[in-house]
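S.K.: As a plain string of letters, each chain reads:
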Amino acid sequence: MASHYEAPIRTPLITGDKTYHDISVDVAAPIEGKANKSWWIVFSIALVAFLWGLGCIIYTISTGIGVWGLNKTINWAWDITNFVWWVGIGHAGTLISAVLLLFRQKWRMGINRSAEAMTIFAVIQAGLFPIIHMGRPWLAYWVLPIPNQFGSLWVNFNSPLLWDVFAISTYLSVSLVFWWTGLLPDFAMIRDRAKTPFTKKIYGILSFGWSGRAKDWQRFEEVSLVLAGLATPLVLSVHTIVSFDFATSVVPGWHSTIYPPYFVAGAIFSGFAMVQTLLIIMRKVSNLENYITILHIENMNLVILLTGGIVTVAYLTEYFIGWYSGIPYENYTYLSFGAATGPYWWAFWALIICNLLVPLTLWVRKWRRNIMWTFIVSIIINIGMWFERFDIIVIDLSKDRLPSSWSMFSPTFVDIGIFMGTIGFFFVLFLLYARTFPVIAQAEVKSILKSSGDNYKRLRAEKGDDTPHYTEVSGTASVKKETEKTEKMSSEELSENDKKENINNLLSSLGTFNPDTQTADDLKKISGVGPVMEQKLHSLGIYTFEQVSKMTDKEYDLLDSIINEFPGRAKRDDWAGQASKLKNS
Amino acid sequence: MASKVIHAIYNDDDILLNAVKKVRGKQYRIKEVYTPFPVHGLEKAMGLADTRIAITSFIYGLVGFSLAVWMLNYIMIYDWPQNIGGKPSFSFFENMPAFVPVLFEMTVFFAAHLMVITFYLRSRIWPFKKAENPDPRTTDDHFLMEVSGESNADEVAQFLAKTGAVEINIIDKDEDH
Chain Z
39 MASHYEAPIR TPLITGDKTY HDISVDVAAP IEGKANKSWW IVFSIALVAF
89 LWGLGCIIYT ISTGIGVWGL NKTINWAWDI TNFVWWVGIG HAGTLISAVL
139 LLFRQKWRMG INRSAEAMTI FAVIQAGLFP IIHMGRPWLA YWVLPIPNQF
189 GSLWVNFNSP LLWDVFAIST YLSVSLVFWW TGLLPDFAMI RDRAKTPFTK
239 KIYGILSFGW SGRAKDWQRF EEVSLVLAGL ATPLVLSVHT IVSFDFATSV
289 VPGWHSTIYP PYFVAGAIFS GFAMVQTLLI IMRKVSNLEN YITILHIENM
339 NLVILLTGGI VTVAYLTEYF IGWYSGIPYE NYTYLSFGAA TGPYWWAFWA
389 LIICNLLVPL TLWVRKWRRN IMWTFIVSII INIGMWFERF DIIVIDLSKD
439 RLPSSWSMFS PTFVDIGIFM GTIGFFFVLF LLYARTFPVI AQAEVKSILK
489 SSGDNYKRLR AEKGDDTPHY TEVSGTASVK KETEKTEKMS SEELSENDKK
539 ENINNLLSSL GTFNPDTQTA DDLKKISGVG PVMEQKLHSL GIYTFEQVSK
589 MTDKEYDLLD SIINEFPGRA KRDDWAGQAS KLKNS
Chain Y
616 MASKVIHAIY NDDDILLNAV KKVRGKQYRI KEVYTPFPVH GLEKAMGLAD
666 TRIAITSFIY GLVGFSLAVW MLNYIMIYDW PQNIGGKPSF SFFENMPAFV
716 PVLFEMTVFF AAHLMVITFY LRSRIWPFKK AENPDPRTTD DHFLMEVSGE
766 SNADEVAQFL AKTGAVEINI IDKDEDH
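The listed protein sequences correspond, in order, to chains Z and Y.
Take any residue in the first sequence, count from 1 to its spot, add 38: that is its number in my numbering.
Take any residue in the second sequence, count from 1 to its spot, add 615: that is its number in my numbering.
Okay, chain Y solo, but in the shape it has when bound:
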């Protein structure tokens, strides 16, 4: 089935924010907003849920920390305990002060890298990925709101035209190819 979306292009972040509020007020569905820089307050105006990526980072940090504890205990205490410079390795806790730097570094390493990888996968960005912003100006100084319109596409377009947009495009999307 062919669906229609309307692209409203704005040239200012404040106008965009006002338009987003008006469109939401009319109960039209905003599919996506493309902006050249983070517009503060936009996710609230659009009603986006908070991102949980910081929580994943915390969990990854715990994973890294646990792995480091296991590794250090296995290598230094269990597998081959040595008396290095008169500092014998009797137990993990007695040796722990010497382990603090590596415990810390591994925690940070896991928390940072796995979080960034999660971000790339969730936002679907990676090398050789093709960009999906519908208009190249949206990385420069224009803001594009994509609103879905089925039977009432023209009505939505007329409404958007009055929200301060500089350009409105109605686009037929052929999804059944």
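Excised from the complex, chain Z in its bound form:
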């Protein structure tokens, strides 16, 4: 027998005494339920922001880049700031699912799905900016290595901007494939639970017909491992290459050797902050507190603390080296006395406070386990990381080598509109995702349930590590015969008389419904009962939660023998338990 031992000192990753079926139900609940009012409100706001941004993009493209606030000195500003900010945010997902998989960190399983979704959505936003900045986005294919109409003039492979094209398209496509492959078994779970033919069809297509054969799982795990191995250097390479956009130039402040590791750390720092922002809300709204526990939040805070520390060291190094070089130009780089006291002092101090000082509070255990404080810190870090990129780009450019061309940057409504638009687009995608995708990698979570579920940990604590982690099935199973072509249970088709008798038996133990004195309940509130099933129950004379709540194994069997559609369903979904709750509410 497989050992499910895990050191008792480790905090359980799944709380709430879950069974395998509970996990399916909990993960499917947001998909099968209806969106509440606050979802629609947030979605509408995001959609409006997205449409506003879309309008600004169309205005930019139809009029020209001149509608932005760029000038002769500061010829890169918000667009590249936003690009780097979004790419950075898009680093946490693959880091969680790839690097933490290689390190065998099991706590990744509660959060990897959403973190990867966030990654993909963030990289989509990032990709928009260089394409818009081209001015003529319909010529975007010119970045590809294809000969042009004037002869074989090729793209320049010495340019970091072209490396970006390769890095980001590889990163986006590999992340997408990694994410989708992990989704297949979970889509299959939703498919097999689906009640309407439409959802069954849709999730059938999305799941690629996943059947869960032992060989499929073997390949699935190998593919995940190899993809993790490939994605780990990939995720590090992407922000390294983004940093080359600056580091290979000769602009003071940009031309910096420590940029690659410092940018990667900053990316993970901001990415984890964004994961915190989203998941702290999602675990509450979608009732996933048992899967995304306080331990997950604390662990993410520890990663933020580490990468934030690396970023802090990089800031101090930049500041020191700028000063130590004694070169006057270096006194106007984004981390210098000149920047701290110059016209961009507010941007400098925003960076220092948000990225360096505020995250220090996470050294206190009580604070990094405080959900509200974590949420606030995560938003502050996101703001701080935006300022970091703004400072690098705008402050460094604002005071170049020729004092007569020194300048300031002020964004136009278009700059602001496009940025807000991408935030709106990002949330539109994420909100749709949260309602239609299995937001927890439920197959993976099920595989660690016995080692890391609190009920099993308690079992081991009470009965020793070698105790069986299952309850023996009593007796021997009955053997049924079927022919594949005919409908299930056809061999057990009952005669009309038998049926009537069964109905009488059923009603005698459940009690009959008297329409004159009682009112019928909405049985559809029971998970597992749809409109069709409700009708069937009505035809048997079952109308109230009171009746359903009296069901025991005997009644379930009787019910199955009368209604052949979903054998065992009523018992698995625990209709009686649900009904007794509904009855009292």
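It should be emphasised that the hints constitute simulated quantities derived from the structure, not laboratory data.
Do not take every clue at face value.
Claimed, not checked - Below, simulated BS3-like cross-link-like pairs (lysine-lysine); rule was C-alpha separation at most 25 Å, straight line:
(1) Z:Lys519 to Y:Lys788
(2) Z:Lys253 to Y:Lys646
(3) Y:Lys619 to Z:Lys253
(4) Y:Lys744 to Z:Lys233
For clarity, every value in this text was computed on a predicted model and none was experimentally measured.
Use these hints to put chain Y onto chain Z, whose structure you have.
M.R.: Coordinates of chain Y only, in the frame set by chain Z:
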């Protein structure tokens, strides 16, 4: 010819693993096992051969790398060598440091995507493919073992019933339609 298979449905991975070992001990042939999540040790218990998909990924990576070397050499050195920003393109090796990012990205791109495509084709999963798990509960919390039984189907079924299964179905498969 009509063949018979027996579907034994279990509600626990440990019971399933024990049952697989017992069935193999009796020399019955396990055709397939459907599980809702990867059960560790199952492929060993079933005697499945190791997957070679990681090796294909390595080969695809080499293909991507070679293609990138050829592409960069052709474009930057052979077809139209240019002096870009005072950095002339004399030979592949002198220019190589500038090529490292693209060489790396293309290697990863080919290794990852072709491996995943291989996985989808080998496991026969793609959009619009119909699912083949015989019972919908096997993606939720049940485990299904499919054992082939020709003349001795009833005997196999009786044996499986004692391995902790919650449900046994004998299924006639009509293969000659």
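S.K.: So, for every hint listed, does it hold in this structure?
M.R.: We went through each hint and held it up to the structure:
As the CA atoms of Lys519 of chain Z and Lys788 of chain Y are separated by approximately 12 Å, the hinted pair is consistent with the 25 Å bound. Of the supplied pair hints, the one linking Lys253 of chain Z and Lys646 of chain Y holds, its CA atoms being roughly 11 Å apart against a limit of 25 Å. Annotation: proposed proximity of Lys619 of chain Y to Lys253 of chain Z holds, straight-line Cα distance about 22 Å (limit 25 Å). Simply put, Lys744 of chain Y and Lys233 of chain Z have alpha-carbon atoms about 20 Å apart, close enough for the 25 Å limit, and the pair holds.
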